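Engineer: Chains as they are written, first to last, in the numbering used here: chain A, 1 to 412; chain B, 1 to 680.
What the hints contain is simulated information worked out from the structure, not anything from laboratory work.
Quantities reported herein were computed from a predicted structural model and do not represent experimental measurements.
Be careful, since some hints might not be right.
[Claimed, not checked] With a straight-line cut-off of 25 Å between C-alpha atoms, the simulated BS3-like cross-links for lysine-lysine are:
no.	chain 1	residue 1	chain 2	residue 2
1	A	LYS2	A	LYS313
2	B	LYS196	A	LYS246
3	A	LYS190	B	LYS198
4	A	LYS246	B	LYS198
5	B	LYS507	B	LYS234
6	A	LYS313	A	LYS190
[Stated by the list, open to error] According to the in silico footprint, chain B covers these stretches of chain A (three or more CB under 8 Å from chain B):
no.	segment
7	181 to 193
8	249 to 255
Yeah, the Cβ is synthetic: ideal placement off N, Cα and C, and Gly gets one too.
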Amino acid sequence: MKRRVAIVDGLRTPFCKAMGAYRHLQADDLAASLVRELIERLPIRPEEYTECIIGNVISPPHAYNVGRVISIKGGLPDSVPAITVSRNCASGMEAVVQGAERIERDQDAIILAGGVESMTHIPITISEPARDFLMKLSKAKGIGELLKQLFAFRFSFLKPVVPEINDPLCGLTMGETAENLAREYHVTRKEQDQFAFESQRRASEAKKRGLFREESIPVLIPGKEAVLEDDGIRQDQTFEQLEKLKPVFDRFAGTVTAGTSSQVTDGAAALVLMSEEEAKRRSLKPLAYLTEHAEVGVDPSRMGIGPAFAIKKLLKKMNRPLSDFDLIEINEAFAAQVLAVVKELSKESGELSLEKVNVNGGAIAIGHPLGASGTRLILTLAKELKRRGLKRGIASLCIGGGQGQAVAIEVE
Amino acid sequence: MSAWTLTQEGKIARLKFDLPDAKVNTFTPESLQELEEKLDQVGDISFLLIESGKKDSFIAGADLKRFEEFLKDEKATKEIIETGHRVFNKLSRLPSVAVIDGVCLGGGLELALACRFRIVTDNPKVKIGLPETSLGIFPGWGGTQRLPRLVGLETGTSMILSGKQIDGKRALKIGLADLALASAFLDDDLLSSLSKLKTRKKRRGFRALFLESNPIGRKLLFSIARKELKKKTKGFYPAPEIALDLIERTATMDLESGLKEEIATFLRERTKGLSLAPNLIHLFFAVEHLKKQKVVSYKKVKSLGVVGSGLMGSGIAWLAAYKGLSVLMTDINWEAISRGFTEISKMFQEVAKRKRLPHSAINLMMHRIGTAISNREFLQESFVVEAATENLDLKKVIFKDIEETVSKETIIASNSSSLRLSQMSEGMRHPERFVGLHFFNPVNRMPLVEVVRGSSTKEEVLGTAVELCKELGKVPLVVNDCSGFLVNRLFAIQAVELLRLYEKGVKPEQLEKAILSFGWPMGPFTLADQVGLDTSAKVFHVMQEAYGIRMKAPDIIDRLVKTGALGKKSGRGFFIYRGKEKRFNPDFLAMPQGHESFTDEEIIQRSSNVMINEAARALEEKIVASESEVDAGSVLGIGFPPFRGGLMRYAREIGFQRVVKELEALSSPEYEPSDYLKKG
Chain A
1 MKRRVAIVDG LRTPFCKAMG AYRHLQADDL AASLVRELIE RLPIRPEEYT ECIIGNVISP
61 PHAYNVGRVI SIKGGLPDSV PAITVSRNCA SGMEAVVQGA ERIERDQDAI ILAGGVESMT
121 HIPITISEPA RDFLMKLSKA KGIGELLKQL FAFRFSFLKP VVPEINDPLC GLTMGETAEN
181 LAREYHVTRK EQDQFAFESQ RRASEAKKRG LFREESIPVL IPGKEAVLED DGIRQDQTFE
241 QLEKLKPVFD RFAGTVTAGT SSQVTDGAAA LVLMSEEEAK RRSLKPLAYL TEHAEVGVDP
301 SRMGIGPAFA IKKLLKKMNR PLSDFDLIEI NEAFAAQVLA VVKELSKESG ELSLEKVNVN
361 GGAIAIGHPL GASGTRLILT LAKELKRRGL KRGIASLCIG GGQGQAVAIE VE
Chain B
1 MSAWTLTQEG KIARLKFDLP DAKVNTFTPE SLQELEEKLD QVGDISFLLI ESGKKDSFIA
61 GADLKRFEEF LKDEKATKEI IETGHRVFNK LSRLPSVAVI DGVCLGGGLE LALACRFRIV
121 TDNPKVKIGL PETSLGIFPG WGGTQRLPRL VGLETGTSMI LSGKQIDGKR ALKIGLADLA
181 LASAFLDDDL LSSLSKLKTR KKRRGFRALF LESNPIGRKL LFSIARKELK KKTKGFYPAP
241 EIALDLIERT ATMDLESGLK EEIATFLRER TKGLSLAPNL IHLFFAVEHL KKQKVVSYKK
301 VKSLGVVGSG LMGSGIAWLA AYKGLSVLMT DINWEAISRG FTEISKMFQE VAKRKRLPHS
361 AINLMMHRIG TAISNREFLQ ESFVVEAATE NLDLKKVIFK DIEETVSKET IIASNSSSLR
421 LSQMSEGMRH PERFVGLHFF NPVNRMPLVE VVRGSSTKEE VLGTAVELCK ELGKVPLVVN
481 DCSGFLVNRL FAIQAVELLR LYEKGVKPEQ LEKAILSFGW PMGPFTLADQ VGLDTSAKVF
541 HVMQEAYGIR MKAPDIIDRL VKTGALGKKS GRGFFIYRGK EKRFNPDFLA MPQGHESFTD
601 EEIIQRSSNV MINEAARALE EKIVASESEV DAGSVLGIGF PPFRGGLMRY AREIGFQRVV
661 KELEALSSPE YEPSDYLKKG
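Pulled out of the complex, with its shape left as it was, chain A reads as follows (with noise of 0.2 Å):
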């Protein structure tokens, strides 16, 4: 990117386990929520905002096109446009990217730009067979068709349809893929528990110092508490207890377990966005600026090292070293996998110290709502680096399906 774009400010929601605080929530609920909030806390009036992005993996079947339901139920008027968009895992960095770009090229003034994901929602759909029922059913016209329709149905046909949680490209589960990384790179089962012990233990102690409610909002349920905190660090998680588990993905030979992957987790979070220069126009105090990004594809059946090629790609466009990059973000969908990143990245750059790395706990402890993690790993690294006093980090993703994506930021 020529210029750099203002983060003006974000928030998130906190992250709950699937099937747990927000069971009842869709996803453009607690987004919607999310938005308002967030608009709430900032002088710019709700016209004046351009555009709203959404990254979405699950698209909510009663809510197309996501983003713009998200947009009106937050607070944006009818005349701001919206779109929903979608890189697998990280569709709510990709939103983020592409309402960057947009504003570098002067395209719009203000973006909301964010992500969300329902885990709990998975669409379960019916059987093509009871479909079909289903539609000549509903078309049955008089008492004799309907009757006929009737004697055609099947028991089969209340078997649901769970969507695969393979991968369509390489047939493995995302647990597999890290399987497969952690013995390409020989990361050991003790070394992905340590880390995943580590990931807790730093989680527990941000939340215990209360960091995440710097970033987060509280999430009303009707009839039930206020969500006020992420539900799935463990406070007491210990390093034993992750030893004892079993393998969950490849349960003839392998190290990833349950303890040692990300954990499944409905979330919310979202950035506004504008120009250096607007930014200065309204004497706003910008949280970060985000300076590059870089996307790339590999092996679906390795996609768990996206980040490292996606980190050398961005380090290349920005023609720095990673040296210069105070704290690096590296989305914990496995430990395994992560652990393989830092092993690539250190190839070239040198050891790359895991105390620059995930510096308040990840994924395995906080959750990873697809469309809502890539978001949320922006808005918590900016506030670390500034918590900190440092200048430049690095966000990124790996991606189902084989890719990469990272981005740089900085803070003053």
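Use these hints to put chain B onto chain A, whose structure you have.
Structural biologist: Leaving out everything else, chain B in the frame of chain A:
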């Protein structure tokens, strides 16, 4: 040089097998003896690990070439069998652990079975099995005893009779393995996981209780196994039957007596039931030789063009897509392409069912296939195979069309089964990039491909074609240019002879029966119907034109084709097909016959002799390089009975002189024996 290295650290001894100057570990008398010496040195230990120094390979079995030699001699056989038993018995008395991180077959598995524990890994190269019966012998180092005792009679017997290889996962599941580790972390985890090894209590399910733990169940189990085996071998292969009898006889014995019985059976049957082993081992090496042939130079083909979406074209397109190539398939109109596409989809459904592939995998493979109705679109394809109908003029037009647009490096091949390359390439601008690639029908079942070298075919073009076949999982047989190449010359001349015999007076039922009794997989008329009578007729015309009187076929097929009987595909050929039933076509039976009669032996003799003579001519003309290649080609291409070791091996066995004498006795120009046979 030593093959085994024994080390010890604390109470854990490690014995590593690394056969010098070999890619894989195999048992030779020397390596077996050395193992025994090393075992004798083992002291006070808590575990003895048996490991391999070869990547992806534990032990591939006994050295077949050496073993074949021993089989010829009673004393040598006794020696090697007894040594194996003695060594493995020693192993079984130690706290031994086989660490299987690769191929573990035959004697290799028998060693592992003798160990107290077996560890397998997730290495995809882990293949565990006892292939002996498919080579005409049976596991003779304790395999028939220790395997069923370990994994149960039903599973063990089935593994021994089928020779089927299993992976680590399955091995763990059936109780063959005691522990699984990740191959990549073997060095990290091996020693620390030894403490998890415990003699497991055998847990057998309800099925085993019913079928294995009582005499009536066992009787049932073995009688089902015997029936299924008979269906498969048709009585031509005694080795698995001997193994089955042995397992049944020893099922209730203690291990020691069972092992003794195994040795006794092996020695008793060496010259009887196991006498086919040399033929099957010879054939194994003949096919391996083709599979592993090296080429001077080649280019990797990533994208394949296929002209024609008929039976052969769609078959080739399917195969290429299945094996990971991208494909562009063309035909003259969308109706034809649509039919071919449907056929491809069916082949994918079939393989999905057989290999239990998920729908999504098949979906991805289907997407590798593109289609077009022009032969001028092969811009991405570095190799184009023509699989149009057997029409010389049409083929010439196609090649001209292809040459218009493709790059200079693109290789053009023809799937023609009978036309000479030199005829087809007449109008080509670059005949040096032209090669024959004769797949057999049906492409998804027939393992052989004849790779035809034309007089101007460049070495790299030929090499690329050979490597492409290997990539597609086929067995390439390189032949020089002639009409019908090798396989169809053999096929045609036998068919011609059988039709002549029909004409002389032999009833078709007798011809079918005689041919089946020789061990052919199907009778000649059944086969012709499957190939298609129209296709066969075309081949016969080409062959007759090229080879004259000896390939002159009675016009029976032409006349049947005229009545619309095109073979099984039209429901009518030599037979009439109604559902699963078939009976001879009355139009065929009505054709005039003489009144001569022949015995089954004479039918076999005459039909085999003409084939042997034709193969000898092909050898003389240097169409095919060696007798062993004819052997492989005759078995894989037209189903010559494998237990006979191949056509030329059979000829050698009955003696060239006998064949010459019998041919000369017919005293007719079409039976003129070749010089190759006369020279012996």
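Engineer: Hints first: check each against the structure and report whether it holds.
Structural biologist: Status of each hint after checking the structure:
1. LYS2(A) to LYS313(A): Since the Cα atoms of LYS2(A) and LYS313(A) sit roughly 16 Å apart, the hinted pair holds (cutoff 25 Å).
2. LYS196(B) to LYS246(A): Measuring from Cα to Cα gives roughly 15 Å; hence the hint holds.
3. LYS190(A) to LYS198(B): Within the cut-off at roughly 24 Å; holds.
4. LYS246(A) to LYS198(B): It holds: about 19 Å lies between the C-alpha atoms, which stays within 25 Å.
5. LYS507(B) to LYS234(B): OK: LYS507(B) and LYS234(B) at ~23 Å, within 25 Å.
6. LYS313(A) to LYS190(A): Roughly 31 Å between the alpha carbons, so the hint for LYS313(A) and LYS190(A) is violated.
7. 181 to 193: Contact hint for the segment 181 to 193 of chain A vs chain B: holds, 6 residues under 8 Å.
8. 249 to 255: holds (count 5)
When the structure is compared with the earlier hints, a violation turns up for hint 6 alone.
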